[in-house]
Amino acid sequence: MTIERKFKIGKPILEVKNISLSFGGVKAITDTSFDVLEHEVRAIIGPNGAGKSSMLNCINGIYKPQQGTVSFKGKEIPNITPNLMAQMGLSRTFQNLALFKRMSVLDNILVGRKLHTKTNFLEVAFQLPKVKKEEKINRERSEEIISFLEIEDIKDTPVGKLPYGLQKKVELGRALATDSSVILLDEPMAGMNVEEKRDMCRFILKVNDELGTTMVLIEHDMGVVMDISDRVVVLDYGKVIGDGTPDEVRSNQKVIDAYLGVEH
Amino acid sequence: MKPVFMTYTKKDLINLAVCMVLSVLIIPSFITTEYWYTSILIPWLCLALATIGQQIVMGYTGQLALGAAGFMAAGAFAMFNLILRVPDLGFVGSLIVSGLIAAAFGILFGLPSLKVRGIYLMVATLASQFFIIWMIDKFGWFKNYDSSGIITAQDIVILGKPFTTPLAMYFVCLAVTTVLTLLAMNMARGSTGRNWMAVRDMDIAAESMGVSLLRTKVQAFAISAFYCGVAGALFAFCYLKSLEPVAFDIKLSFKILFMCILGGLGTINGAFIGAAFILLFPVLLNAIGNNVFHGAIDATIISSIEQVIFGGLMIIFMIYEPLGMAKLWENIKQKWKTKIPSSTNLKSSLGKKT
Chain A
625 MTIERKFKIG
635 KPILEVKNIS
645 LSFGGVKAIT
655 DTSFDVLEHE
665 VRAIIGPNGA
675 GKSSMLNCIN
685 GIYKPQQGTV
695 SFKGKEIPNI
705 TPNLMAQMGL
715 SRTFQNLALF
725 KRMSVLDNIL
735 VGRKLHTKTN
745 FLEVAFQLPK
755 VKKEEKINRE
765 RSEEIISFLE
775 IEDIKDTPVG
785 KLPYGLQKKV
795 ELGRALATDS
805 SVILLDEPMA
815 GMNVEEKRDM
825 CRFILKVNDE
835 LGTTMVLIEH
845 DMGVVMDISD
855 RVVVLDYGKV
865 IGDGTPDEVR
875 SNQKVIDAYL
885 GVEH
Chain B
5 MKPVFMTYTK
15 KDLINLAVCM
25 VLSVLIIPSF
35 ITTEYWYTSI
45 LIPWLCLALA
55 TIGQQIVMGY
65 TGQLALGAAG
75 FMAAGAFAMF
85 NLILRVPDLG
95 FVGSLIVSGL
105 IAAAFGILFG
115 LPSLKVRGIY
125 LMVATLASQF
135 FIIWMIDKFG
145 WFKNYDSSGI
155 ITAQDIVILG
165 KPFTTPLAMY
175 FVCLAVTTVL
185 TLLAMNMARG
195 STGRNWMAVR
205 DMDIAAESMG
215 VSLLRTKVQA
225 FAISAFYCGV
235 AGALFAFCYL
245 KSLEPVAFDI
255 KLSFKILFMC
265 ILGGLGTING
275 AFIGAAFILL
285 FPVLLNAIGN
295 NVFHGAIDAT
305 IISSIEQVIF
315 GGLMIIFMIY
325 EPLGMAKLWE
335 NIKQKWKTKI
345 PSSTNLKSSL
355 GKKT
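Line by line, the protein sequences give chains A and B.
Converting from the first sequence to our numbering requires adding 624 to each position, the first position being numbered 1.
Converting from the second sequence to our numbering requires adding 4 to each position, the first position being numbered 1.
Watch out, some of these pointers could steer you wrong.
As a list, the in silico DSSO-like pairs of lysine-lysine whose alpha-carbon atoms are at most 30 Å apart [unchecked claim]:
| id | chain 1 | residue 1 | chain 2 | residue 2 |
| --- | --- | --- | --- | --- |
| 1 | A | Lys760 | A | Lys742 |
| 2 | A | Lys754 | B | Lys15 |
| 3 | B | Lys339 | A | Lys725 |
| 4 | A | Lys785 | B | Lys337 |
| 5 | B | Lys15 | B | Lys255 |
| 6 | B | Lys339 | A | Lys757 |
| 7 | A | Lys725 | B | Lys147 |
If you are wondering where the hints come from, they were derived from the structure by calculation, not from laboratory data.
Bear in mind the structure is a predicted one, so any value in this text is a computation, not a measurement.
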C-alpha cells in the first residue's frame, strides 16, 4: 500500500491490556494485549475457537473480562457496556447477523443514527419542527450510506427477507450510520462468494480511506486479510501468537504452525 | 430515488380524512339508535385505545405484558377521585392526570422487564393486574368509602357544558381517541418507534447502537400504561357509567391481548380492527342465532361457540398470519394492486442483485 492516505495512521486509539476471560473452567482468552492505531485497518485472525469473537465482545462490553482493561481514546474504561462504548464512538457488526429483522433496510440504518437523535418521545409525538429537522438530517445521512453501499433498490424491504450477503451489507451500513470513529467487524465476509467478498473489501477500504474510520475486523479468509489490513494480530487458544504487518505475520513460524499444524 | 422527509404520505392524509368524515359526519347522521353508540361504538373506541397501549408495549417493544386492565382500573379510579377531590382540573385535565397516574404504575410494573423476558415477564406483569385491583378494594378512600361496591360515575362536563347523551359521549371518546392515535402514530413512525422495534427485534444490537434498554423499555411501559389509563377512564365514564374494580378483571386484560394479537402485532390500525372484531363478533353470532335459527340454539351455547371460535382463530392466526388482520388487509390490498409495476420492479432488481 504505497498510495498516499488522506488519514495518516496515528496514535493508539484502542488498547487492550492483559485481558483474561473464562466461562466457568473454559479459558477463552488468556492475558491478551494489543492495540489499534487511529485510521488503520486492523485484523484479528486465528483458527476456530481462538477467542476472536470473545475478544470483540470484551472490547464492546458484551462480555466482562475477569482481568485486564480496555482503553479507548486514551481513557481506561472501568464499567464497560455496549451502550457506553457506542456513546464514546465505537460501533460494531455481529458474527451471526444481529439486524432488526422486521424493519426495513432504511429503518435499520436509521437506528444507527440513534446517538445523533436528541429529541425525546414527547417531541416526537407532537412532531415539533426540531424533530422534523433532525429526522431530515438523519434520513439524508442514511440515504447517503445506502447509496454508498449500492443498496438503493432494497431500502424499503424488510431486512429479514434479504439474502445473506445483502444483510451483511446492511449491517455494515448500520454501523456506518453511527459515524463512529472505530468500527468492529465480526466476520464481515463469512459465507460470501468471491464477488461479494471483493465488494465488501472495497467498501471497507473505501470507508477507511474516505472517512478515516478505524476498522477492526475478524476474518477467516487469509488472502482477504493480508490484502486489506495494515496490521494483523493472530490469536490461538486465547493467546497472541503473532502481531505485525501482514508480511511479518506470514513469515512468523508460530503462525504457520498454528494454521498448518506442527509435525510431532 | 428521492429521500422521504415527511412522516405522512398523501395516502395517509386521505385515509385520515376518510376516517374523520366517516366518524364525524356519516355515522352520526345515519345511525340514530342509541344501542349502537352505547354498546358498540363507545366501547370500541375505548378498547381500541387500550389496545394501542398494549400494542406499544407488546407489538412494538416486544415485551409480553398482561396487565392492561389493571392500568385501566388505575386510570378509571384516578379519574373518579380527581373529579371528586380536585374539581378545578376539569374533565380533560383529570383525564390527562389519571393517564399520568396509570403511567407511574406502568413504570413500576415495567421494571421487571429489565431482568426477565418472555412468558416470565408476562407472569410478572400479572402482578399489576392483581395489585391495582386489590389496592382499590382494600382502601376505601379510592372508592370514597362507598359501601355499595358500585359507584356511579360523575357526569362529564367540559367547559361548563354537560356531555351526557350517547352521541355527545361518542364525540368525547372519538376526540380523545383520534388525538392519542395520531400521537401514537407519530411516535411509532419516528425515532421513538424505531428504538422500540430495535429492542424488540434484537436487543443486544440495539444496545450496541446506543439505544438504552432500560430507558426504552420503561418508556414503552409508561406510555402503554398512559394509554390504558386514559382508555380505562373513558371506559368507566362513557361506557359503564359506573366504577367497580370487578369490571377491570383479568378477563378484560385477556380480551385486550386478543385484540392486539388478532388485529396484528406492531400495527396501530390493527388495534382498531382487532377491537372491532372481538366486540362485534359476539353481536354477530347472537344475531345469527336469533334470526337464522330463531332462538333454537341456546344463548349459553352461542357464547360457548364464541369462545371456541376465538380460540381457533388465535391458533390459526398464530400459525398462518402472526401479524394478524392488519397484515391480512394489507395482503388483500396488495393483491388488488398486483398489476402496478412498482412491486414487480422491486422483485426483478432483487433478482439481479443476488
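Holds or violated: A/Lys754 with B/Lys15, Cα cutoff 30 Å?
-> Roughly 24 Å separates the two Cα atoms, so the pair holds.
Are the Cα atoms of B/Lys339 and A/Lys757 separated by 30 Å or less?
-> This hinted pair is violated, its Cα atoms lying about 36 Å apart.
When you check the alpha-carbon spacing of A/Lys785 and B/Lys337, does it fall within 30 Å?
-> Roughly 20 Å separates the two Cα atoms, so the pair holds.
Agreement of B/Lys339 and A/Lys725 with the hint, judged by alpha carbon distance not exceeding 30 Å | Holds: B/Lys339 and A/Lys725 sit about 24 Å apart, inside 30 Å.
Are A/Lys725 and B/Lys147 close enough, with their CA atoms no more than 30 Å apart?
-> violated (47 Å)
Hey, A/Lys760 versus A/Lys742, does the alpha-carbon distance stay inside 30 Å?
-> holds (13 Å)
Is B/Lys15 close enough to B/Lys255, meaning Cα to Cα at most 30 Å?
-> Violated, at roughly 37 Å.
The structure shown violates the earlier hints numbered 5, 6 and 7.
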